[in-house]
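Chains U and Y, in that order, give the protein sequences.
Under my numbering, the residue at position 142 of the first sequence is numbered 142, and the numbers go up by one with no gaps.
Under my numbering, the residue at position 69 of the second sequence is numbered 69, and the numbers go up by one with no gaps.
The set of hints was computed from the structure by calculation and includes no laboratory data.
Fair warning: this is a prediction, and the values are worked out from it, not measured in the lab.
Beta carbons are placed, not taken as given, at the ideal position from N, Cα and C, and that holds for glycine.
Any given hint might turn out to be false.
With a cut-off of at most 27 Å between alpha-carbon atoms, the simulated DSSO-like pairs for lysine-lysine come out as follows [said to hold, decoys possible]:
id, chain 1, residue 1, chain 2, residue 2
1, U, K168, U, K255
2, U, K278, Y, K5
3, Y, K5, U, K283
4, U, K161, U, K46
5, Y, K16, U, K255
6, Y, K68, U, K283
7, U, K46, U, K500
8, U, K161, U, K38
9, U, K144, U, K500
10, U, K38, U, K388
11, Y, K5, U, K388
12, Y, K68, U, K388
If you want the footprint, here are the derived chain U segments under chain Y, 3+ residues with CB under 8 Å [as the list claims (entries may be wrong)]:
id, region
13, 55 to 67
14, 242 to 253
15, 281 to 290
16, 360 to 367
17, 488 to 502
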Amino acid sequence: MVFALVGNQNCGKTTLFNQLTGSNQHVGNFPGVTVESKVGVIRSRKADTVVDLPGIYSLRAYTNEETVTRDFILKNKPDGIINIVDATNIERNLYLSLQLLSMGVPTVIALNMMDEVRGNGGSINIEKLSRALGVCVVPISAAKNEGIDELIERAAEVASKRIMPAVKDFCTVGPVHRCIHSVTHLVEDHAEMIRMSPRFAATKLIEGDEELADTLGLNENERETIEHAVIEMENEGGLDRMAAIANMRYDFIEKACAGTVIHAAETKEHRRSSAIDKVLTGKFTAIPVFIGVMFLVFWLTFGLVGQPLADLLAAGIESLIAVIDTALEDFGMNPVAKSLIVDGVLAGVGSVLSFLPLIVVLFFFLSVLEDTGYMARVAFVTDRLLRKIGLSGRSVVPMLIGFGCSVPAIMATRTLSSERDRKLSVMLVPFVSCSAKLPIYAVFTAAFFPDNAPLVMLGLYLFGIIVGILAARFSGAFIFRGTAMPFVMELPNYRFPSPKSVFMLMKDKAWDFIRKAFTVILAASVIIWFLQTFDIRFNVVENGEGSLLAAVGKFISPLFVPLGFTDWRIPTALITGFTAKEAVVSTLAVLVGTTVSELPNVLMHSPELFTTASAMAFLVFTLLYTPCVAAVATLRREFSSRLGAAGVVLFQCVTAWVCAFIVYRIALLF
Amino acid sequence: MTLDKLEVGRSALITKVGGEGALRARLLDMGLIPRTVITAVRRAPMGDPIELRVRGYELTIRLEDAAKIEIEPAEVPKIFSSDCSSCCAHSCKDCKKGGK
Chain U
1 MVFALVGNQN CGKTTLFNQL TGSNQHVGNF PGVTVESKVG VIRSRKADTV
51 VDLPGIYSLR AYTNEETVTR DFILKNKPDG IINIVDATNI ERNLYLSLQL
101 LSMGVPTVIA LNMMDEVRGN GGSINIEKLS RALGVCVVPI SAAKNEGIDE
151 LIERAAEVAS KRIMPAVKDF CTVGPVHRCI HSVTHLVEDH AEMIRMSPRF
201 AATKLIEGDE ELADTLGLNE NERETIEHAV IEMENEGGLD RMAAIANMRY
251 DFIEKACAGT VIHAAETKEH RRSSAIDKVL TGKFTAIPVF IGVMFLVFWL
301 TFGLVGQPLA DLLAAGIESL IAVIDTALED FGMNPVAKSL IVDGVLAGVG
351 SVLSFLPLIV VLFFFLSVLE DTGYMARVAF VTDRLLRKIG LSGRSVVPML
401 IGFGCSVPAI MATRTLSSER DRKLSVMLVP FVSCSAKLPI YAVFTAAFFP
451 DNAPLVMLGL YLFGIIVGIL AARFSGAFIF RGTAMPFVME LPNYRFPSPK
501 SVFMLMKDKA WDFIRKAFTV ILAASVIIWF LQTFDIRFNV VENGEGSLLA
551 AVGKFISPLF VPLGFTDWRI PTALITGFTA KEAVVSTLAV LVGTTVSELP
601 NVLMHSPELF TTASAMAFLV FTLLYTPCVA AVATLRREFS SRLGAAGVVL
651 FQCVTAWVCA FIVYRIALLF
Chain Y
1 MTLDKLEVGR SALITKVGGE GALRARLLDM GLIPRTVITA VRRAPMGDPI
51 ELRVRGYELT IRLEDAAKIE IEPAEVPKIF SSDCSSCCAH SCKDCKKGGK
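This is chain Y alone, in the form it adopts within the complex (with noise of 0.2 Å):
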């Protein structure tokens, strides 16, 4: 699966980087590299770009390039770690829940 097909609200993992040149520096220097867990946040109002989160932050790529990131879908972590950096990409309400 590729990252444009990621649904609004469901977390994967970063398989392959693909794209060239700048952009594909660009995405990894965002931190967009393979083993990274990715959450699709929302869509722009007219269905393109879309906001992603990664590593704590957020950040907004178009759909053409997110066709050129692969991923596999990822289970949320369950058992949350006190620091929980690994598992605020996904939902930080569950984290409360079941945090620390």
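For reference, chain U alone in the conformation it holds in the complex (with noise of 0.2 Å):
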């Protein structure tokens, strides 16, 4: 059997799931939409399934996460819903349970957080509202396991027994009863038709659904019927469509609460979270502890013990090479074999793994960060700034993380809550100056701003930056249209979050970023390989003079003459910053015939190649041309289209272009 685990978002959705399923899981997209799915077989019953859709808090088509629920409920037909309900909170979270049950689908209902209701004092009687809303209700704790078992139990035997909801009429005697019923009876068979139920079909009809009318079939005469029906109920109520359906779900829900539920005077977890409140989202302290708290962040990441690790499992690597390569060597493989394995496909994998311990450290603080419920308040916090930008408080983050690494920056944008700001996110991150372009800049600003370095190098963050804004701009208003998400957010109470559910995350991103990336940066080292190897004939090359990448190099230097980089070496140089950043001064000191070290000193002195308009810029050019192919990897997986990942490359070669071309045209002028 197949369960749809549906519920609001911060109602401990994900930490059910991860009990539900423990490590079983397989995560993946939904097609054509950047919407995360994952499907995990239950523990317990290792024949049934259950799928983990996204946090939403209604049934609307307005959002994708919402159409995804939606269709796959209507669509896949599941054997049964678990509907999780936050007890804290449980009118706004019941306004979701309320169109579920009108879908025709068995259903429970599990009560989460029914530990921090009961510990506050609060109660609510289960049997009562277990017959008010016709379903069955299991409370349970997610976050201590308790009452999991016979959640499955119960959703196991409505499911078997297909047990529907019981209770299909929210509305009281009235205009809006009166036109939903009516409503009903006509769209009927309809509705049948597809096995849909006539109820859910009404309500959405009511409330405007035209996509609907569509599926459904509906011809102008019954159309208009339903609209002289919902004119009627408009008038006599005194309440448009919207909200009138609304008013009649919360109308029912407080019916239902009352008597039933009793909450707490104030619970202590809200107590505790106003008072860290007053701190993280005070008037004066908010912004340093913002800063602050990116600035740990970060440190941890890319310097105390992110990197370090990266750094061990670099040299691992590498001693690994050596004794492969010294290993071959004995055998007496045949070079050019040798150099395949050991330049193309180990050094490929090696900077796979390199990316690995950043990955995990960052989404282990990350994680942490929106379990606690923290980003939630930076997006309040910083919503304003924004906001100017076109995008909203949710993408700050994101942003930030650019500046250490895009790979995960850009895996990072999962956790904002819209397709469109997540694809707008994704199109900025690469323009953020990452931390592997830093020995480019220093090379160049050792050799020809020696007096300046600081300043030009803060020069260039904050002109990736603008350029990147203006490239939101241009791509929210051409590219990706459709209004912005309403930011309507909530800002639930601070938790402790769950080490499962950060460990979940932190493995499912690694694997992710392994699966995805590994054969798309394994080609890429290979080829380069190739291209540094051969000549034009496929004779091993003796220098890099004659290679095929220089021939590419030469091929396409006439494109960069207009930015003063006239020499054939500059081109070559940038191609293999595609592999990685760093690669761009490598390869360059190997084609000037000398070390990265001495490398400044070689390019003061040689005005054939850089003169000080052209290595300026050279640095915009290598500030905001393609991100290397881990990124691209890696966008390409978010924006789940090879075009795309291809058009922002494209994208980002043209503005770099354009942005080097008129600096350079500039810097002449002095």
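Since each chain comes alone in its own frame, lean on the hints to assemble the complex.
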């Protein structure tokens, strides 16, 4: 049997999903959208699976998350729905439940965080609530793993016996009631034809769902009759169609909860949250705290923990490669084949693995920030700034991570709640200068701007941000049209994150990256190796000059003459930057016949390579041109489209060229 | 009066929810419905958006969207019912003093 797990955001859905499935999970994407889908086998019932649907507040088809959930229930027809409800916030959570209950699918309600309700002296009469809603309600605590077995048992029972929700009428006698019932009769056979619950269809039609009217195949006459009924309801009840239906649901919930739900005066969780919020969102403290938190995350990820781990791993891989290298040499292997294994394949594997510590450490912090509820506060605090570039406050964290590495930054856009924001942020992230570009800046500022190095670097970072903002505005206006997702966001109580969820997320992200990026990065590494090793007649080259790579560099070099890069070695070095940005300086050093540490000296004294003006253009170009292959692979995954990723690469290269050209021309004037 | 003008710490009764499309749907779904009590909790450090308390939970909306919601001043009920669900929207300190 297949169960759908549905619930609001911040109600413990992911925690419950992890409790139900353990590590038996498969993470994927819903087709065509960047909405994550997770499927898992239920731990205690190996034949049954549960699908974790996105956290939503309603089943209107306004967001992709809502559409995905709705379509899954209507089209995939799960055997049962497990609707998770936050007992501490029961009224708003039941709003979604009422919509689910009208869909005519066997359902159980998992009443989560009951321990918190009881711990504060509140209570919920489960039996009464169950009767009022007409479904089985099981009290659970997902975080403490309480009530999960009973929940599974009830869900299986309801689904196997096909027990439908008993209460269908959420309206009391009056204009809304009359309207719903007459529309239900009108569309009954249409709805049953496509095996949709007539009640659900009627309510959605009254709310003004045109798409559904088409799906049901209603003719002009029927549509007009419905419109008449709705207008009648609006006139009589004094509320328009949308408000009337929402009002009906909340009325029903209030009645169902009266006498059933006894709220604690103020929960200690809420009191604690208010106290924390005084500091974390306080007028004078919020922004310093935010900067402090981001600094700490950065320092721990790229400084104290992540980078040393990555370096350690890289050193390990390097010595392993050295061992294999010697072994192959002793074995007497053909030098070209050996080079393919060592410089092509193993180097590629090494570069994939070197990203892992950063991803794991960063996602540890990100999931802690998200699960505690601080991420929502970040959005609250920074929204005003981010709104100016057409994004919402939620995008600020992925953007900041971009200063470290684009790969986890792009992966972090997953936490954004709307697809449009996600795509815009993914576009913007690569413009934020990542740390791998620092070696390039270091060499060039040392060679050409030794006195103003910090100023030039700062200028580059700012320039990247400005271009990114302009790019976001441009793509917001022309590419990802559609209205921005409304910024109406819950600020949940602060909670202690569940270690299991944090661990699962880290594991998911690491695997996800390895699976999706491995082949791409490996292929790129082997291709670059091939180009570097052979000349045009497939003979092994002695020096860099005759290689295929140099030939490609020479071929495209006319493109770069307007930027002041007259030497073929510059585009050649830029091409290798596609595998990893650090490669730009190392390749350039090899091509000019020196070492990286000596490179600034050599560049200073070779005006045929760079002038000050063309060096500036070069810095701007490397700042903005294509993200590295690992970032592109991640980008492709998040866009779930090759074309989209290729578009971003092209867009960035063109932007880089134009900006470098402008900078070069201006620099020439001085 | 509109919701963006509601002073921090004050409560009011929603009389009309404006806006359109996705925004309006979202507001209604989150429980901002005519005749609902709403309290302004705080403003973000840069003055916008605002944090509100409604139906026993907190949410944040932008001022420009809050301006689309009409409100009328509401008297904080002085008598607190035992279940407290109606008074918690205002001030829970009062509730503890006066309740039960």
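Now the hints, each set against the structure:
1. U:K168 / U:K255: Holds - the C-alpha atoms of K255 of chain U and K168 of chain U are around 15 Å apart, at most 27 Å.
2. U:K278 / Y:K5: holds, 22 Å
3. Y:K5 / U:K283: Holds - the C-alpha atoms of K283 of chain U and K5 of chain Y are around 18 Å apart, at most 27 Å.
4. U:K161 / U:K46: holds, 19 Å
5. Y:K16 / U:K255: holds, 22 Å
6. Y:K68 / U:K283: holds, 25 Å
7. U:K46 / U:K500: OK: K46 of chain U and K500 of chain U at ~21 Å, within 27 Å.
8. U:K161 / U:K38: Holds: K161 of chain U and K38 of chain U sit about 26 Å apart, inside 27 Å.
9. U:K144 / U:K500: The hint holds at about 11 Å.
10. U:K38 / U:K388: violated, 34 Å
11. Y:K5 / U:K388: Judged against 27 Å, a Cα distance of about 22 Å means the pair holds.
12. Y:K68 / U:K388: Within the cut-off at roughly 20 Å; holds.
13. 55 to 67: holds (count 5)
14. 242 to 253: It holds, with 5 qualifying residues against the three required.
15. 281 to 290: The restraint on the region 281 to 290 of chain U holds, since 6 of its residues have a Cβ under 8 Å from chain Y and three suffice.
16. 360 to 367: violated (count 0)
17. 488 to 502: holds (count 5)
In summary, the structure is inconsistent with hints 10, 16 from the numbered list given earlier, while agreeing with the others.
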